[in-house]
Amino acid sequence: MKSMQQNKRQGTRSTNKQAFCQGLRHGLPIGLGYFAVSFSLGIAARNAGLNALQGLLASLLNNASAGEYAGFTVIAAGAAYWEIVLITIVANARYLLMSASLSQKLAPGTPFYHRLLLGYDVTDEIFAISVARPGYLNPFYTYGAMAASMPCWAAGTTLGVIMGNLLPLRVVSALSVALYGMFLAVIVPPARKDKVIAAFIGIGFVSSFLCEVLPYIREISSGTRTILLTVLLSAAAAVFFPINASAKGEAADEP
Amino acid sequence: MSHNVYIYLGLMAGVTYLIRVLPLTLIRKEFKNPFLKSFLYYVPYVTLSVMTFPAIIEATQTPVAGLAALAVGILLAWRGAGLLKVAVACCAAAFVIELLLVR
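As given, the protein sequences belong to chains E and X, one line each in that order.
Residues are numbered in the working numbering as their position in the first sequence, beginning at 1, plus a constant of 43.
Residues are numbered in the working numbering as their position in the second sequence, beginning at 1, plus a constant of 3.
Calculated from the structure, these hints are not laboratory results.
Yeah, the Cβ is synthetic: ideal placement off N, Cα and C, and Gly gets one too.
Errors might be hidden in some of the hints.
Claimed, not checked - Pairs of lysine-lysine, DSSO-like flavour, derived with a Cα cap of 27 Å:
{"#": "1", "chain 1": "E", "residue 1": "Lys-60", "chain 2": "X", "residue 2": "Lys-35"}
{"#": "2", "chain 1": "E", "residue 1": "Lys-238", "chain 2": "X", "residue 2": "Lys-88"}
{"#": "3", "chain 1": "E", "residue 1": "Lys-236", "chain 2": "X", "residue 2": "Lys-40"}
{"#": "4", "chain 1": "E", "residue 1": "Lys-236", "chain 2": "X", "residue 2": "Lys-88"}
{"#": "5", "chain 1": "X", "residue 1": "Lys-40", "chain 2": "E", "residue 2": "Lys-238"}
{"#": "6", "chain 1": "E", "residue 1": "Lys-238", "chain 2": "X", "residue 2": "Lys-35"}
{"#": "7", "chain 1": "X", "residue 1": "Lys-88", "chain 2": "E", "residue 2": "Lys-60"}
As the list claims (entries may be wrong) - If the Cβ cut is set under 10 Å, some of the chain E residues that face chain X in the computed set are:
{"#": "8", "residue": "Leu-93"}
{"#": "9", "residue": "Asn-135"}
{"#": "10", "residue": "Ala-143"}
{"#": "11", "residue": "Ala-171"}
{"#": "12", "residue": "Ala-221"}
{"#": "13", "residue": "Ala-228"}
{"#": "14", "residue": "Asp-237"}
{"#": "15", "residue": "Ser-277"}
Required output: the full structure, derived from the provided sequences and hints.
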């Protein structure tokens, strides 16, 4: 009996280890993309008057590109403390939706400390690969991805503050599409199986493009536009094409 | 009155963490409501597509490089390539196009 329990525990442990290693592997390209993006973020931090330590702290503690950038502009302006609170809420509000969506990927009864840890790094990319897992999410997969990508994010920002424009622009600009490549790797395969997803990806592309060129709407910050479009389009999809929880939801979750 | 940068950073970090952790800790059950279930099922795809385009063509120095990365990415992902492969191929496509078009 005891040995059976031990076996089971060892089994879980090796599954967790496997999940962690896979997360590490998938976190690596994320880290590469992060490095490029956070390097340019570091330049913005430097322009806002932050030193290397402050840039490092900002990225270690926030893990948010638009949110950090918005914060730096407030710091540069020397604005009131409540303003940085407000702008951080607006710039990062999309994470509220992502976390709510991610909460549905956790097995019922997932311990509280996993929720506290996972919540530390719900970024666009980590969220993307975490929801793409088949079935329930093993938190250790996400921890692996965090372990590979968070140091790159922090290091990139710090080096950006220190070195400014040292990396050739050509390299930075090529690296910067890595993040979008990963988004495509997440959203395209399910679109093959589910025509509704495919259609709404197309609608998402077109409407976000329109929002960027149409007068008045383009004045809205890109973070807010992302939230508005996500809520509107997802709600429309849910109304017109509700998922049959038992059939479709699981079919799409199959590897 | 002058402001302390570390207080700014602390406020940013606190607010950002709360935004991320509250839904994860407060929503402990699977939703039963079909609308809510469907809504959250579509959220990832919609939000990632909205963030990908047109941002990808603005990330590169010329939009053509971004478009090439987009096309390569969709094609490879459609054929079932993994995260790393798609990401690297997108970078390569953007790099080559910029090599040709941007001096």
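Verification of the supplied hints:
no. : hint                  : result
1   : E:Lys-60 to X:Lys-35  : violated (32 Å)
2   : E:Lys-238 to X:Lys-88 : holds (24 Å)
3   : E:Lys-236 to X:Lys-40 : holds (19 Å)
4   : E:Lys-236 to X:Lys-88 : holds (21 Å)
5   : X:Lys-40 to E:Lys-238 : holds (18 Å)
6   : E:Lys-238 to X:Lys-35 : holds (24 Å)
7   : X:Lys-88 to E:Lys-60  : holds (23 Å)
8   : Leu-93                : holds (7 Å)
9   : Asn-135               : holds (5 Å)
10  : Ala-143               : holds (4 Å)
11  : Ala-171               : holds (6 Å)
12  : Ala-221               : holds (4 Å)
13  : Ala-228               : holds (4 Å)
14  : Asp-237               : holds (9 Å)
15  : Ser-277               : holds (4 Å)
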